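Student: For reference, the chains in residue letters:
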Amino acid sequence: MNNNQQTIERVKAGLQRRRASEKRFRLYGQVSIMTGLLALLILLVSIVSAGYGGFFQTMLVLDVRLDAEVIDPAGQRERDVLLQADYGLLLKQSLYGMFPEVTDRQEKRQLSAFISSGATQSLRDVVLEDPGLVGQTVHIEVEAGSAVDAVYRGDVDRNATQSDRSVNDRQLQWIDHLLDEKRVLQRFNRHFFTSGDSRNPEQAGILGAMAGSFFTIVVTVFLALPVGIAAAIYLEEFSPHNRWTDFIEVNINNLAAVPSIVYGLLGLAVFINFFEMPRSSPMVGGLVLALMTLPVVIIASRSALKSVPPSIREAAFGIGASKVQMVFHHVMPLAMPGMMTGAIIGLARALGESAPLLMIGMVAFIVDVPGSAMDPSTVLPVQIYLWADSPERGFVRLTSAAILVLLGFLICMNGMAVYLRKRFEKRW
Amino acid sequence: MMHRTTGSDLHSPHEVTVGRIHSEDPRISARNVDVYYGQKHAIHHVSLDIGRNEVIAFIGPSGCGKSTFLRCINRMNDTIAGCRVTGTISLDGKMIYDEDMDVVPLRAQIGMVFQKPNPFPKSIYENVAYGLRIHGLASSKGQTEEIVETSLRRAGLWEEVKDSLHHPGTSLSGGQQQRLCIARTIAVNPEVILMDEPCSALDPIATARIEQLIDELREDYTIVIVTHSMQQAARVSQRTAYFHMGKLIEVGETGQIFTNPSHQLTEDYITGRFG
Amino acid sequence: MARVDAGQLCLLRVEFMSKSTLLLLLLLLCMATYVMGRNAAARLSQVRGQKLNSLPGYYGYYVALWCGLPSLALVVFWGAIESHVITSMVVAGLPEAIRTLPADHLGLVVNEIRNAVGHERDAVAEAAVLDAARRYAELQQISAYGLALFVALASGLGSWHAMAAIHTGLRARTRVEGAVTLMLMACSTIAIFTTIGILLSVLFESMRFFQAVRPDEFLFGLKWSPQMAIRPDQVGSTGGFGAVPLFAGTFLISAVAMAVAVPIGLMSAIYLAEYATPQQRAIGKPLLEILAGIPTVVYGFFAALTVAPYLRHLGEMAGLSVSSESALAAGLVMGIMIIPFVSSLSDDFINAVPQSLRDGAYALGATQSETIRQVVIPAALPGIVGGVLLAISRAIGETMIVVMAAGLSAHLTINPLESVTTVTTQIVTLLVGDQEFNSPKTLAAFALGLMLFLATLTLNIIALRVVRKYREQYE
Numbered sequence: 001m002n003n004n005q006q007t008i009e010r011v012k013a014g015l016q017r018r019r020a021s022e023k024r025f026r027l028y029g030q031v032s033i034m035t036g037l038l039a040l041l042i043l044l045v046s047i048v049s050a051g052y053g054g055f056f057q058t059m060l061v062l063d064v065r066l067d068a069e070v071i072d073p074a075g076q077r078e079r080d081v082l083l084q085a086d087y088g089l090l091l092k093q094s095l096y097g098m099f100p101e102v103t104d105r106q107e108k109r110q111l112s113a114f115i116s117s118g119a120t121q122s123l124r125d126v127v128l129e130d131p132g133l134v135g136q137t138v139h140i141e142v143e144a145g146s147a148v149d150a151v152y153r154g155d156v157d158r159n160a161t162q163s164d165r166s167v168n169d170r171q172l173q174w175i176d177h178l179l180d181e182k183r184v185l186q187r188f189n190r191h192f193f194t195s196g197d198s199r200n201p202e203q204a205g206i207l208g209a210m211a212g213s214f215f216t217i218v219v220t221v222f223l224a225l226p227v228g229i230a231a232a233i234y235l236e237e238f239s240p241h242n243r244w245t246d247f248i249e250v251n252i253n254n255l256a257a258v259p260s261i262v263y264g265l266l267g268l269a270v271f272i273n274f275f276e277m278p279r280s281s282p283m284v285g286g287l288v289l290a291l292m293t294l295p296v297v298i299i300a301s302r303s304a305l306k307s308v309p310p311s312i313r314e315a316a317f318g319i320g321a322s323k324v325q326m327v328f329h330h331v332m333p334l335a336m337p338g339m340m341t342g343a344i345i346g347l348a349r350a351l352g353e354s355a356p357l358l359m360i361g362m363v364a365f366i367v368d369v370p371g372s373a374m375d376p377s378t379v380l381p382v383q384i385y386l387w388a389d390s391p392e393r394g395f396v397r398l399t400s401a402a403i404l405v406l407l408g409f410l411i412c413m414n415g416m417a418v419y420l421r422k423r424f425e426k427r428w
Numbered sequence: 001m002m003h004r005t006t007g008s009d010l011h012s013p014h015e016v017t018v019g020r021i022h023s024e025d026p027r028i029s030a031r032n033v034d035v036y037y038g039q040k041h042a043i044h045h046v047s048l049d050i051g052r053n054e055v056i057a058f059i060g061p062s063g064c065g066k067s068t069f070l071r072c073i074n075r076m077n078d079t080i081a082g083c084r085v086t087g088t089i090s091l092d093g094k095m096i097y098d099e100d101m102d103v104v105p106l107r108a109q110i111g112m113v114f115q116k117p118n119p120f121p122k123s124i125y126e127n128v129a130y131g132l133r134i135h136g137l138a139s140s141k142g143q144t145e146e147i148v149e150t151s152l153r154r155a156g157l158w159e160e161v162k163d164s165l166h167h168p169g170t171s172l173s174g175g176q177q178q179r180l181c182i183a184r185t186i187a188v189n190p191e192v193i194l195m196d197e198p199c200s201a202l203d204p205i206a207t208a209r210i211e212q213l214i215d216e217l218r219e220d221y222t223i224v225i226v227t228h229s230m231q232q233a234a235r236v237s238q239r240t241a242y243f244h245m246g247k248l249i250e251v252g253e254t255g256q257i258f259t260n261p262s263h264q265l266t267e268d269y270i271t272g273r274f275g
Numbered sequence: 001m002a003r004v005d006a007g008q009l010c011l012l013r014v015e016f017m018s019k020s021t022l023l024l025l026l027l028l029l030c031m032a033t034y035v036m037g038r039n040a041a042a043r044l045s046q047v048r049g050q051k052l053n054s055l056p057g058y059y060g061y062y063v064a065l066w067c068g069l070p071s072l073a074l075v076v077f078w079g080a081i082e083s084h085v086i087t088s089m090v091v092a093g094l095p096e097a098i099r100t101l102p103a104d105h106l107g108l109v110v111n112e113i114r115n116a117v118g119h120e121r122d123a124v125a126e127a128a129v130l131d132a133a134r135r136y137a138e139l140q141q142i143s144a145y146g147l148a149l150f151v152a153l154a155s156g157l158g159s160w161h162a163m164a165a166i167h168t169g170l171r172a173r174t175r176v177e178g179a180v181t182l183m184l185m186a187c188s189t190i191a192i193f194t195t196i197g198i199l200l201s202v203l204f205e206s207m208r209f210f211q212a213v214r215p216d217e218f219l220f221g222l223k224w225s226p227q228m229a230i231r232p233d234q235v236g237s238t239g240g241f242g243a244v245p246l247f248a249g250t251f252l253i254s255a256v257a258m259a260v261a262v263p264i265g266l267m268s269a270i271y272l273a274e275y276a277t278p279q280q281r282a283i284g285k286p287l288l289e290i291l292a293g294i295p296t297v298v299y300g301f302f303a304a305l306t307v308a309p310y311l312r313h314l315g316e317m318a319g320l321s322v323s324s325e326s327a328l329a330a331g332l333v334m335g336i337m338i339i340p341f342v343s344s345l346s347d348d349f350i351n352a353v354p355q356s357l358r359d360g361a362y363a364l365g366a367t368q369s370e371t372i373r374q375v376v377i378p379a380a381l382p383g384i385v386g387g388v389l390l391a392i393s394r395a396i397g398e399t400m401i402v403v404m405a406a407g408l409s410a411h412l413t414i415n416p417l418e419s420v421t422t423v424t425t426q427i428v429t430l431l432v433g434d435q436e437f438n439s440p441k442t443l444a445a446f447a448l449g450l451m452l453f454l455a456t457l458t459l460n461i462i463a464l465r466v467v468r469k470y471r472e473q474y475e
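Protein chains in written order, with this note's numbering: chain A, 1 to 428; chain B, 1 to 275; chain C, 1 to 475.
No lab work stands behind these hints: they were computed from the structure. Computed from a prediction, not measured in an experiment: that's the story for all the values here. Every residue gets a Cβ at the ideal spot worked out from N, C-alpha and C, and that includes glycine. Among the clues, some could well be false.
Said to hold, decoys possible - Taking beta-carbon pairs under 7 Å as the criterion, some of the chain B residues facing chain C (in silico):
no. : residue
1   : I80
2   : G82
3   : K116
4   : F120
5   : A138
Stated by the list, open to error - The list that follows gives simulated cross-link-like pairs (lysine to aspartate or glutamate, EDC-like), each with its CA atoms no further than 20 Å apart:
no. : chain 1 : residue 1 : chain 2 : residue 2
6   : A       : K182      : A       : E141
7   : A       : K182      : A       : D164
8   : A       : K422      : C       : E289
9   : B       : K94       : A       : E9
10  : C       : K19       : C       : D131
11  : A       : K23       : C       : E274
12  : B       : K122      : C       : D359
13  : B       : K162      : B       : E146
14  : B       : K40       : B       : E24
15  : C       : K469      : A       : D246
16  : C       : K19       : A       : D375
17  : C       : K19       : A       : E276
18  : A       : K306      : C       : E472
19  : A       : K23       : B       : E99
20  : B       : K122      : C       : E472
21  : A       : K12       : B       : D92
22  : A       : K92       : A       : E236
23  : A       : K306      : C       : E112
24  : B       : K247      : B       : D268
25  : B       : K116      : C       : E472
Looking at chain A on its own, in the form it has when it is part of the complex (with noise of 0.2 Å):
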């Protein structure tokens, strides 16, 4: 009893120590995940800060006099004369109206600038739908030269000196001109959705690397895809239990681990060297991922063929069904969903690897959008990594812009995944 009464006494002693440091243990947990939660809004919200902007493009608003003598002096409005026409003296000649001090011709050239080597297309494109234009002033909306486009966003420190910043003074003041006058403004970038790549961020869009992602995954899923879940079914409906068939299991469980950079190398030496298949197309690069998923869809398959219970088996095959039979009819329908959510994920990483695709050459600057999957081309990662090298502010921008795209890309495939669970989710 004695004794008791001591041994509480002691426990007692103890205890707020233990107390604290119960505490102090709880605290590390809940900063770890704060921390990790922090690390996540932060990345987001510096990306989606620098990338909102990609999605609008500055424009500077003009009246354009359509001198027929300069498009075209003979009067036919021929395609052909319409489509060869010098539009950027048009627009130059536009913007020196509303500046008549500037007459010297370095300044004319600076000027000049303001206009991107875009806005001549945009100009032509309009005379193109109505010929009938020509000889009249339009009031048009062009893209504006990256000068224009860094004020308006405010990249440029007026306070600091000329020689510190891309714009000079006088460049300034005409552009706090063409400000007062309303004449700049921003609109959704369309360009961006709508073209390739180009040295220029005013006309640099994502659908040239869209097109090769999209080539590229439609190849992963047609390899990927049947040959993973074949894998898997005959690993686990079919196989003996022996050597091979363990062997093939570490095989598949250390192909999951190997850097995505190796399969960059495979490719690489098998498919372009060995084989002298395209480089850059996405033929090779969507061989590349289907070898990198396919671990990920066997592993995912498995486990979904292995959460179908043995009573339905054993149901199958008490009423005569054969083997091949119990496992097409009966165990892979029900394994579906979970096999088609591995496989979803699987292909969402793979839609978002670059590493093995620089290896076999998807890296190169590549303007035209492809139309095949033989065609050189870049994907959408890719195409980030080739921006964010860009020391450029606008490429920056667009980097960021790519970026969000995706990211949402990658939710929806990872929403669906998560749909498919919970929409097929069953508990036997």
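Dock chains B and C against the given chain A, drawing on the hints supplied.
Tutor: Chains B and C only, in chain A's frame:
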């Protein structure tokens, strides 16, 4: 002529337990205890005293709530999400479900042995010394060794393991593991030991050893044992409580319960009509 | 001349199109033969009243398989070797002077020929090359027609054979199911072929590299400057291929990453598994796992654009010189990327620790943190160690973050504020851009790849073994 309550009385809300729930020198006393698991009402209005240095057995069919009630006594139910306990349970007059009651010293006072032996994945020595370490009960290494040895001796395991104290606890046989768990519990020097079907995973010989051990431990501890085996209850306990569907049906001297039960349900269970 | 080349461009398209068209036609043919086979079997049972061994559909599949499989094998086989055969035939037809050029040089000529096939604008090439290009295109056309002919023959013969075999005693179901099982088995062996492919591709090129650079020099050399080692007359022997700085850099960045990921990941897992309410868990766990779903290129961009300048700024305030490509920035961001990897694996292993062990500790009066630290974590330790090994393997193989945020020049340092380069960065640098395939500079990438593969393979095998053992312990 004894009055026998019938089965239909079971469904009345304030049904009284048959037999004497009180004890002259109560160590633990529970009053009107109800336990809910979420929506499920697991224990209905149980009141019971547990006396000093007695062995009391809880018997009853599976799912009758005997283990749940046992786990209320040292608040092990706290670890189960959605579990709610109402009513009062006191240990030596202190309410154990009070707001300011700390479960750490409470559990040092009320030890517990589980259905399946659960030695920690550490050495035999570390298993027994663990409680001493966390509560700071030994002031020197020598004292720790001494308490470890006494505890193992009392659990009847010393002779078998004294040369392998640093082997993992999981390397022992099932019966040895269970005795190790008992040694681990008594090393902390508790007042009450709760045993939740301690022999259900053991073979008959190991069971006999544990039963013998319980009998020896009775001198120093209050022991509450939940058991599935009526023979075991009859062998080791002085009092027996019979639970049925979350209710305490009858409690009394073990001899009386097994030879002359007062309640129809108890008799049906004892005679093997169900259970 | 330009006009001819434009025609050849069309031919190229025809060639690629024809293979997919061929496969499509083959598929249609299989469908047709399926119907034929099924109807033939059905007629047998209906008209003649005989009892079939299997359902008529299985006879259809039987015929379709005979029609499709041999032809498919033919297409795949020819597709794999076609380009080799055509190239060697074209090379054989080249003028003596070109044909006897050294192998590297000849390779360039072949490339030139192929490019001429693709691009009509390249009319600047030599006459011999253009002739060869024309010959190349011709051969491609012949190959396409020839393949189509053989496929037609094979599928025709196959279906004829199968149709002739249809009778009531034919165990069509067993045959078809046997073929299906065989195909499933073939699919499962692809994992092995992939491993072999990886091994062979890195081994083969590495051997060629080690012919030019001694292995001990590569493994233990302290100087890495592959750009300077190459001069046209002298093949890589100036000692610029010492990979130790790369290994050290990889190690440094991985160490920083693990220093971030292991404590944060492990503590998050502990909190989510042991302390969090079900609602907190339902929110916290998927949120953390978002980090795992973000592409690595995004992390690289984040490291280069946000984290590195910030660290540099912090360093300036503290009076430290922090490189703008510091190992710290890359490692930090890589650590963030790996957090969910560590936490979700640890979470699995912590949850696998049986509740009875926790109960045992609680019943002795242990507090929750004591239970976790002294019972749960030691019990889960083997699994957690396995998980951490897998995380390390991921860190050393991670590419995009280091390519975008770490340096290019090899410094041998343990100061995380300085710029270091890594194995993966160098592989990318060596292989991206113009490359001559036979220079040690390019081959070095494969030797580095071999090192990377071996290192991660070892880590993975140990980790998987540890994890597997752990799983067995509690199952």
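Student: State for each hint whether it applies.
Tutor: Tested hints:
{"no.": "1", "hint": "I80", "result": "violated (10 Å)"}
{"no.": "2", "hint": "G82", "result": "violated (9 Å)"}
{"no.": "3", "hint": "K116", "result": "holds (6 Å)"}
{"no.": "4", "hint": "F120", "result": "holds (5 Å)"}
{"no.": "5", "hint": "A138", "result": "violated (14 Å)"}
{"no.": "6", "hint": "K182/A / E141/A", "result": "holds (12 Å)"}
{"no.": "7", "hint": "K182/A / D164/A", "result": "violated (27 Å)"}
{"no.": "8", "hint": "K422/A / E289/C", "result": "holds (17 Å)"}
{"no.": "9", "hint": "K94/B / E9/A", "result": "holds (16 Å)"}
{"no.": "10", "hint": "K19/C / D131/C", "result": "violated (25 Å)"}
{"no.": "11", "hint": "K23/A / E274/C", "result": "holds (14 Å)"}
{"no.": "12", "hint": "K122/B / D359/C", "result": "holds (16 Å)"}
{"no.": "13", "hint": "K162/B / E146/B", "result": "holds (12 Å)"}
{"no.": "14", "hint": "K40/B / E24/B", "result": "violated (34 Å)"}
{"no.": "15", "hint": "K469/C / D246/A", "result": "holds (15 Å)"}
{"no.": "16", "hint": "K19/C / D375/A", "result": "holds (16 Å)"}
{"no.": "17", "hint": "K19/C / E276/A", "result": "holds (16 Å)"}
{"no.": "18", "hint": "K306/A / E472/C", "result": "holds (17 Å)"}
{"no.": "19", "hint": "K23/A / E99/B", "result": "holds (18 Å)"}
{"no.": "20", "hint": "K122/B / E472/C", "result": "holds (18 Å)"}
{"no.": "21", "hint": "K12/A / D92/B", "result": "holds (17 Å)"}
{"no.": "22", "hint": "K92/A / E236/A", "result": "violated (71 Å)"}
{"no.": "23", "hint": "K306/A / E112/C", "result": "violated (54 Å)"}
{"no.": "24", "hint": "K247/B / D268/B", "result": "holds (16 Å)"}
{"no.": "25", "hint": "K116/B / E472/C", "result": "holds (19 Å)"}
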